[in-house]
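Line by line, the protein sequences give chains A and B. For the first sequence, the numbering used here begins at 1 and goes up steadily by one. For the second sequence, the numbering used here begins at 1001 and goes up steadily by one.
Since the hints were derived computationally from the structure, they do not count as laboratory data. Bear in mind the structure is a predicted one, so any value in this text is a computation, not a measurement. Incorrect hints may have been included.
[What the hints assert, rightly or not] One side only, chain A facing chain B, incomplete, derived with CB under 8 Å:
{"hint": "1", "residue": "M1"}
{"hint": "2", "residue": "S12"}
{"hint": "3", "residue": "T13"}
{"hint": "4", "residue": "F136"}
{"hint": "5", "residue": "I170"}
{"hint": "6", "residue": "A176"}
For each residue, glycine too, the CB sits at the ideal point set by N, CA and C.
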Amino acid sequence: MNLSLLLEMSASTLEDRPAITSGSRTMTYAQLDAAARRCAAKFLSMGATGVVYCGTNDASFPVAVFGAAYAGLPFIPLNYRLGDEQLQPLVEANRGAVIIAETTQVPGADSDMIVLRSTLLDPSFSTSADVELPPFVDPEDVAIVLYTSGTSGTPKAALLRHRHLTAYVIGTVEFAGAEPEQAALVTVPPYHIAGLANLLSNMYSGRRIVYLESFDAQVWLDTLRNERITQAMVVPTMLARVVQHLDGSPADAPHLATLSYGGARMPLPVLEQALELFVGTGFVNAYGLTETSSTIALLGPEDHDAAFAGDPVAKVRLGSVGKVLPGIEVEVRDEDGNVLPVGEPGLVFLRGEQVSGEYDGGSVIDAEGWFPTKDRGWIDADDYLFIEGRADDTIIRGGENIAPAEIEDVLRRHDAIVDAAVVGIPDDEWGQQIAAVVVVAPGKSVGVDELHDYCQLHLRSSKTPYRIEFRDELPHTPTGKLLRREVLADLLG
Amino acid sequence: MDIKAGSRLACPECSVELVVVRPPSAAVVLTCGGVEVVDAAADRPGGGHADAAGEGTLVGKRYADEDSGIEVLCAKPGPGTLAADGREVPIKGAKPLPSSD
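Please build the complete structure, drawing on both the sequences and the hints.
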């Protein structure tokens, strides 16, 4: 199984069904397949050893992904917004690859290998040489190299082989299962696993993808209506902006059957408001990691509806990531590797065919096939998985493990607070003390003492921040993950 | 014939094409409409099946034989029905999920 087969099957079965819309351009499955094969031959004629994609989200993205797959070359998406200093080492690490970019000036790149993104869609980007596409791409070959967001330091190159990604797709998606009128709106960046998994799933299901190059709440809402979008995926930051933009008025997206979210922890107040404004839309929380080929657990629409209707158990589960997918196993272990019983928090381990757990430097999968996610969490009596956050972020105060997310959730629920970050700062007496940095909503005000009392009322006193500071904004990754190390550096510096 | 993961197989007589998801753990003869499947790149006379018994093979469906462990995905459909050492190969149950992406 390799990625090109997913498109090949759709192209031969669905042919003239629309596959991709970006701007005013729509490509059918057959056209996408032909463009991908044309680019694959061109990449091979250039002697490329990989396909680096350093561009925005539009029709050239799927052409590049499947072009790389048809050529049997790894696809390596990079964040086109990176500064030269960060981009150069990543480009140099992939010497020999063709580089698809927004400009012909790419630091560290061999100029012969740079291709303007828009060129991919041009039929003249082709080769007259007699290049044969490889008839067999080994499922063991690396399909995608993804630089993880690196909330804890330098980005790492995660390797996903064809067999991991195809296991995810054929295990969770019904081939050609989408109705012809279905359409998915995609705004997640192309260099994120969600953007790639989304492309593969939708192409296999036969659902048209509508790409927006950049996110704007009003444009996003307009596109939902104009393109009759039935499925959309957002990161929490985007949903927060949509909810803020709607300012209490209904979303008026009558065709939107499913709105899925993931990529970072969703603040509960944002979700609760969104559930109220998107009437008739089913919400899905998807949890996964780059190293697990995207989604491994889902909290579905029924769970969201029950919570919205006031079911107390479902309300608690709204803070979970739902149940793991069929074919995925989960274990929660303590620091010594002992498997913990239901309800006890610890380190989350995953196993399954879609789980890669491999980096450029080697695999972190253990002898029994388990991948250490480095997330902390627990499982409830009905198999709902709760994720507290990264193990590295856990604050250990006087021997007690404290998850920053719990305190951040409480702070964000305060009327005057729009964003909050909680980190551990070194302390001689306690080992670590809890520090909170908050962003006050426009037009609101709140003092340190008031926030302190508020936290003591809603949290145990051992979890009440010892230090509280105010900032105009907090640092996040493009998918909305909080960059705690920057918050900490700011506090200590 | 060497059946490995990712191998592409085809029915010599009808339009069925398959991709191996999981190779067999023991030797097995995989047939389509009673005719042994071949490497997809091999010669395919394409005469059709005289007696196309069974329900045929459906595109996008996974077929798994428990005894031999072989699992294939149908990439192109056709009237021939799959069998492993003579046993009809059943469709592996789909697992419908809410759309997450």
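Outcome of the hint check:
Interface hint status for A:M1: upheld, as the beta-carbon distance to the closest one in chain B is roughly 6 Å, under 8 Å. For A:S12, the shortest C-beta to C-beta distance to chain B is roughly 7 Å, which falls under 8 Å, so the interface hint holds. For A:T13, the interface hint holds, since its Cβ comes within 8 Å of a Cβ in chain B; the closest pair sits about 6 Å apart. Restraint check, A:F136 versus chain B: the minimum CB separation of about 6 Å is within 8 Å; hint holds.
Hint status for A:I170 relative to chain B: holds, with the closest Cβ pair at about 6 Å, below 8 Å. Interface restraint check for A:A176: the shortest CB-CB distance to chain B comes to about 6 Å, inside 8 Å, so the restraint holds.
Checked against the numbered hints given earlier, the structure satisfies every one of them.
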